[in-house]
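Take a look at the letters that make up each chain.
2 protein chains.
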Amino acid sequence: MIHYEDDFIWKLDKELESKIVESYAKIVEEKEQGISGYFTLGEDSLEIIEDVHNDMKSNTFIEQSDTVVVIGIGGSSLGTKAIDSILKHKYKYARRMLFLENPDEIDLSEKLESIEKEKTLFVVVSKSGTTIETISIFKEVLQRFSLDYKGLDSEQIVAITDKNSPLHKFANEYGIKSYMIPHNVGGRFSVLTAVGIVPLTIAGYDTKKILAGAANMVARFFKGEENHILKKAALLTTHRKETPMNVIFSYANCLEDFTKWYVQLWGESLGKIDKHGKHTGLTPIGHIGSVDQHSFLQLIMQGPRDKTVTFIKLENFEKKIQVPKVTLKFLEKTDYINGYSFNELIDGECEATKESISKQGINVDVITIDTIQEHNIGELILYYELLTSLCGIMLEIDAYNQPGVELGKEILLQKFQK
Amino acid sequence: MIHYEDDFIWKLDKELESKIVESYAKIVEEKEQGISGYFTLGEDSLEIIEDVHNDMKSNTFIEQSDTVVVIGIGGSSLGTKAIDSILKHKYKYARRMLFLENPDEIDLSEKLESIEKEKTLFVVVSKSGTTIETISIFKEVLQRFSLDYKGLDSEQIVAITDKNSPLHKFANEYGIKSYMIPHNVGGRFSVLTAVGIVPLTIAGYDTKKILAGAANMVARFFKGEENHILKKAALLTTHRKETPMNVIFSYANCLEDFTKWYVQLWGESLGKIDKHGKHTGLTPIGHIGSVDQHSFLQLIMQGPRDKTVTFIKLENFEKKIQVPKVTLKFLEKTDYINGYSFNELIDGECEATKESISKQGINVDVITIDTIQEHNIGELILYYELLTSLCGIMLEIDAYNQPGVELGKEILLQKFQK
Chain A
2 MIHYEDDFIW KLDKELESKI VESYAKIVEE KEQGISGYFT LGEDSLEIIE
52 DVHNDMKSNT FIEQSDTVVV IGIGGSSLGT KAIDSILKHK YKYARRMLFL
102 ENPDEIDLSE KLESIEKEKT LFVVVSKSGT TIETISIFKE VLQRFSLDYK
152 GLDSEQIVAI TDKNSPLHKF ANEYGIKSYM IPHNVGGRFS VLTAVGIVPL
202 TIAGYDTKKI LAGAANMVAR FFKGEENHIL KKAALLTTHR KETPMNVIFS
252 YANCLEDFTK WYVQLWGESL GKIDKHGKHT GLTPIGHIGS VDQHSFLQLI
302 MQGPRDKTVT FIKLENFEKK IQVPKVTLKF LEKTDYINGY SFNELIDGEC
352 EATKESISKQ GINVDVITID TIQEHNIGEL ILYYELLTSL CGIMLEIDAY
402 NQPGVELGKE ILLQKFQK
Chain B
2 MIHYEDDFIW KLDKELESKI VESYAKIVEE KEQGISGYFT LGEDSLEIIE
52 DVHNDMKSNT FIEQSDTVVV IGIGGSSLGT KAIDSILKHK YKYARRMLFL
102 ENPDEIDLSE KLESIEKEKT LFVVVSKSGT TIETISIFKE VLQRFSLDYK
152 GLDSEQIVAI TDKNSPLHKF ANEYGIKSYM IPHNVGGRFS VLTAVGIVPL
202 TIAGYDTKKI LAGAANMVAR FFKGEENHIL KKAALLTTHR KETPMNVIFS
252 YANCLEDFTK WYVQLWGESL GKIDKHGKHT GLTPIGHIGS VDQHSFLQLI
302 MQGPRDKTVT FIKLENFEKK IQVPKVTLKF LEKTDYINGY SFNELIDGEC
352 EATKESISKQ GINVDVITID TIQEHNIGEL ILYYELLTSL CGIMLEIDAY
402 NQPGVELGKE ILLQKFQK
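Protein chains in written order, with my numbering: chain A, 2 to 419; chain B, 2 to 419.
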């Protein structure tokens, strides 16, 4: 279960109510016309899980492996990493996941040195099939581990890409197993396609439950049972001049990668030139509580009133460490927390911070996840994807493309191509 | 060596030139009157290093230790962590550093489980001496490892705090070694006080060189040799309505914690109510390239023109991994990078991204660090601290306090105190 509640000071007026009705009609259209394919992944991707299970049975290498290395960047890694980060402490028997993303030599060296070839499955993920960072790292992996991709070691490699992409053709040429990404699902919406589902299933996570959570959210939303998403989208987009930034404050370290996923989803989907030719969008900022109360809170409280704040918190952690009932001489002032669990402390910090921000007249909302479980992750992902689509509709932009990143790629090519 | 260059489209006019002159006079005053004590830490903290070395000689426990655990949050950990993250790959012989910051049970459990009592020195850091997260975690550490802080194990604990704080008194009571934080250096400016210098020196880093870099930057600035800092502060603060956000794009994973340190420094120092009673400040955002080109770049390129962008890049990494000169069938399109090192790739990405952003008419600047070495870290820290002070002066605020975080602490106390 996830609860959503807001303390928005803004109210819906008639104009916004009718905007909501229109936008709802448009998102129904997006779903029905398949303008984006993410809406139905909760059902569509079940087949992939079955495929993976079958492939795992026939793959003689899998059993000896204890590590899944994902080679990918941006939409090809962020979502998978977010889910792994949330779940890994729960699944002691899951395979270790390692992400080779940035072409940073220090980081790459360290990670590559920690890989044992005999125990590692390599999953290379690129929607276009030619992402320069990813394919370059893939080449390094092939060479460093002397992977005989044309023969003996082909079972050790999995490719995830668009149908008929260069990477797909490469995989086909050498009998490397590949999974396809639906053409109408962009990178940042693709975590529940093969992009995330394949490596997470191989790692040992119960991805069916993640999909069930996603499907459930979509069903509820289109039955009109999650209208708070429409309201939030309407308020955030309408007041975007006043509050151009949305800060997520996640009160759990394991949500840090999830907030990074949100930053991509939100930033890349909404930062666009609108149909009137105007630059528009909302800026996502991710923080972790209570740590960043000691870093970013002062700015929210006393800086310009240009932010909305969304709190994400966990209700029931599974471990329970109590602050010892110990009194240290001269430090008696801190004893008020003795005997409470650290969960209660961090939860109290979240509540106190929310109240203090809200008292300033800043618009806040709270997402409460009752327990860390697969179903909730699927729901949370879809919550944000639906919210993003709706914001896109209300901003009158295409939330599913990213034309702004092409120029940099061209300049890069010119720099190196002689 | 660090190079600073900007591609600011904004120009200085007469009014700004005279604002710069005034602000320079004020920062000289801040230094001379000791309004903040960070300016002279490059010299002042040398003594601490000597103390630590002496203490290490007489401490019978140190030699057997291979881990330094820092218990602290916010300004008590961020800077230390930033330096450790930048240097640790260089110092194979340094002690492992571990940071217990957030009262998050999952994270705490994992880290606590990785600690071997017999090999670990615990450094508890709290300026006030009563930071609730820190002292609660400290209690847990004492209990879990049965640390006899009143007797046998007192050598295994070090306290860093304000003079006469409750933590200082606690340490004195039991013969626990303590180091003082100067009263006129706030948490986020304190990395080069005992806060960072003590644990980093114990870990084995050459902190003298860090201080030398810091001292050098301060000396150059006050000789008028780093006037670009004044210019940047004047332009960023003057245009704060137009561009309320400054994005740092660091092109190296090892700088991620440094960008977090910058976010605290910038956010907490500048987010204030100014002397006219107005909410003011600039919002800091940290990103890592090239990874976040696949996440945040689209928003910078096509979203609202409300950001300035600062690139931080490394010129000479020490490792050299070449992209293999390998042609994969169907993937020939990616061969243009073959034979170049991954450093050259990431550096090219940085250049290409900078150019593409600059072409949009967005104000960018670039900080180029020639090699990862202690001296440069000291310089970079002081660059940002001086920039922050100057922005504070120009915004007519007190950059050194943080009154906005008190309300949350009060509410927290009310919640738990019965």
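Keep in mind that the hints were calculated from the coordinates and are not lab data. One or more hints might be untrue.
Repeated chains share a single entry, so a pair holds when one copy, or any two copies, can fit it.
[As the list claims (entries may be wrong)] The calculated lysine-lysine pairs, modelled on DSBU-like cross-linking and capped at a C-alpha distance of 30 Å, are:
| # | residue 1 | residue 2 |
| --- | --- | --- |
| 1 | K32 | K91 |
| 2 | K151 | K209 |
| 3 | K27 | K151 |
| 4 | K93 | K112 |
| 5 | K15 | K164 |
| 6 | K112 | K91 |
| 7 | K170 | K326 |
| 8 | K232 | K242 |
Exercise for review: Against the structure, test the hints numbered earlier, and report the numbers of the ones violated in rising order.
Suggested key: Result: hints 1, 2, 3 and 5 break, sorted rising.
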